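Enquirer: Taking the hints into account, I'd like the entire structure generated from these sequences.
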Amino acid sequence: MKEFFHMGGYGFYVWLSYGIAAVVLISNIILPVYQRKSMLNKLAKKIKRAEQLK
Amino acid sequence: MMKFIHKTASPPYFYHLSGLWIPWLGMITLLLLMAGLYGGLIYAPTDYQQGESYRIIYIHVPAAWMSLFIYIAMAGAGAIGLIWRIKLAETVAVCSAPIGAGFTLLALVTGSLWGKPMWGAWWVWDARLTAELLLLFLYLGVMSLYVAIPDKRVASRAVALLALVGVVNIPIIHYSVEWWNTLHQGPTVTKFDKPSIDLRMLVPLLIMAVAFKVYYVWSLFLRVRVELLERERNSQWVKELLKQNKESQA
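Here the protein sequences come in this chain order: B and V.
Residue -10 in this note's numbering sits at position 7 of the first sequence, with consecutive numbering throughout.
Residue 844 in this note's numbering sits at position 57 of the second sequence, with consecutive numbering throughout.
It should be emphasised that the hints constitute simulated quantities derived from the structure, not laboratory data.
Small disclaimer: the values here were computed from a predicted structure and weren't measured.
For each residue, glycine too, the CB sits at the ideal point set by N, CA and C.
A few chain B positions that, by computed beta-carbon distances, are all more than 12 Å from chain V:
{"hint": "1", "residue": "Q35"}
{"hint": "2", "residue": "L36"}
{"hint": "3", "residue": "K37"}
Once the Cα atoms are required to be at most 20 Å apart in a straight line, the calculated DMTMM-like pairs of lysine to aspartate or glutamate come out as:
{"hint": "4", "chain 1": "B", "residue 1": "K20", "chain 2": "V", "residue 2": "E1019"}
{"hint": "5", "chain 1": "V", "residue 1": "K1033", "chain 2": "B", "residue 2": "E34"}
{"hint": "6", "chain 1": "V", "residue 1": "K1030", "chain 2": "V", "residue 2": "E1019"}
{"hint": "7", "chain 1": "B", "residue 1": "K31", "chain 2": "V", "residue 2": "E1017"}
{"hint": "8", "chain 1": "V", "residue 1": "K874", "chain 2": "V", "residue 2": "D938"}
{"hint": "9", "chain 1": "B", "residue 1": "K29", "chain 2": "V", "residue 2": "E1034"}
{"hint": "10", "chain 1": "B", "residue 1": "K28", "chain 2": "V", "residue 2": "E1027"}
{"hint": "11", "chain 1": "V", "residue 1": "K1030", "chain 2": "B", "residue 2": "E34"}
{"hint": "12", "chain 1": "V", "residue 1": "K794", "chain 2": "V", "residue 2": "E1027"}
{"hint": "13", "chain 1": "B", "residue 1": "K29", "chain 2": "V", "residue 2": "E1017"}
{"hint": "14", "chain 1": "V", "residue 1": "K1026", "chain 2": "B", "residue 2": "E34"}
{"hint": "15", "chain 1": "B", "residue 1": "K28", "chain 2": "V", "residue 2": "E1017"}
{"hint": "16", "chain 1": "V", "residue 1": "K1033", "chain 2": "V", "residue 2": "E1017"}
{"hint": "17", "chain 1": "B", "residue 1": "K20", "chain 2": "V", "residue 2": "E1027"}
{"hint": "18", "chain 1": "V", "residue 1": "K874", "chain 2": "V", "residue 2": "E1017"}
{"hint": "19", "chain 1": "V", "residue 1": "K939", "chain 2": "V", "residue 2": "E1017"}
{"hint": "20", "chain 1": "B", "residue 1": "K31", "chain 2": "V", "residue 2": "E1034"}
{"hint": "21", "chain 1": "V", "residue 1": "K903", "chain 2": "V", "residue 2": "D913"}
{"hint": "22", "chain 1": "V", "residue 1": "K903", "chain 2": "V", "residue 2": "E839"}
{"hint": "23", "chain 1": "B", "residue 1": "K25", "chain 2": "V", "residue 2": "E1017"}
{"hint": "24", "chain 1": "B", "residue 1": "K25", "chain 2": "V", "residue 2": "E1019"}
{"hint": "25", "chain 1": "V", "residue 1": "K939", "chain 2": "V", "residue 2": "E1019"}
{"hint": "26", "chain 1": "B", "residue 1": "K29", "chain 2": "V", "residue 2": "E1019"}
{"hint": "27", "chain 1": "B", "residue 1": "K28", "chain 2": "V", "residue 2": "E1019"}
{"hint": "28", "chain 1": "B", "residue 1": "K20", "chain 2": "V", "residue 2": "E1017"}
{"hint": "29", "chain 1": "B", "residue 1": "K(-15)", "chain 2": "V", "residue 2": "E839"}
{"hint": "30", "chain 1": "B", "residue 1": "K25", "chain 2": "V", "residue 2": "E1034"}
{"hint": "31", "chain 1": "B", "residue 1": "K29", "chain 2": "V", "residue 2": "E1027"}
{"hint": "32", "chain 1": "B", "residue 1": "K20", "chain 2": "V", "residue 2": "E1034"}
{"hint": "33", "chain 1": "B", "residue 1": "K31", "chain 2": "V", "residue 2": "E1027"}
{"hint": "34", "chain 1": "B", "residue 1": "K25", "chain 2": "V", "residue 2": "E1027"}
{"hint": "35", "chain 1": "B", "residue 1": "K28", "chain 2": "V", "residue 2": "E1034"}
{"hint": "36", "chain 1": "B", "residue 1": "K37", "chain 2": "V", "residue 2": "E1027"}
{"hint": "37", "chain 1": "B", "residue 1": "K31", "chain 2": "V", "residue 2": "E1019"}
Expert: Rendered as structure tokens:
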């Protein structure tokens, strides 16, 4: 197990690569999910306001 | 055929359809990533020259392939949007840019992390590296141009033109290792003879490449849905969608 994380002395380069990959890939999923939620909320509020003005 | 395209490409229909596909795309991506990571980090043997450091290949090469693939997809969708004025194509082009930029950045950073222990340098101004850096700037240019123009349909046309001009860079990146004598190693997979790579190393690499492709569609659909909502916020289907949401919450 220790050997696996050591990666023959290249652990730092290998794991940093995989770590950065994880950050990039996950953020490109979470960001749009969050944006869609806030967009739906924003549009719902706009409609509510329009109805109150009537 | 044209009727089918117009139906599938209509924003409300695509919004609905992509909603059904997204969970499946997510699941397939995760399964493929698990298989690819197991194969790449555990199953594949150690390289006789580069030791364990070569395992960066399982991120670096698929990410670099994606950076080119997404660029071509973006320019292609942009061209379709320019010619036939299909709204969905415009949206796909615009939403591809941040995902492509992510993969390009990933290819550059992992390349740097691989170059340091192997070449002894984080960065060299060699043909392939420089062309890939230019690709990152093209993606960022597309993204900022789109944000800078308020009318989204005009912005889409401008973006498509920029993307199409930048296509020149794609063959340059691909053939750079053959045209110029560089530090970057030559192709081991995408050449016409038998690939000069051990099969136990190659299979996980191909699995990772497929995983990244499915991931792209997944992430793209998520982004396209947001963009469609914003662009079509005054249309009837978005109003009905919001009404339905309200009823289901109440």
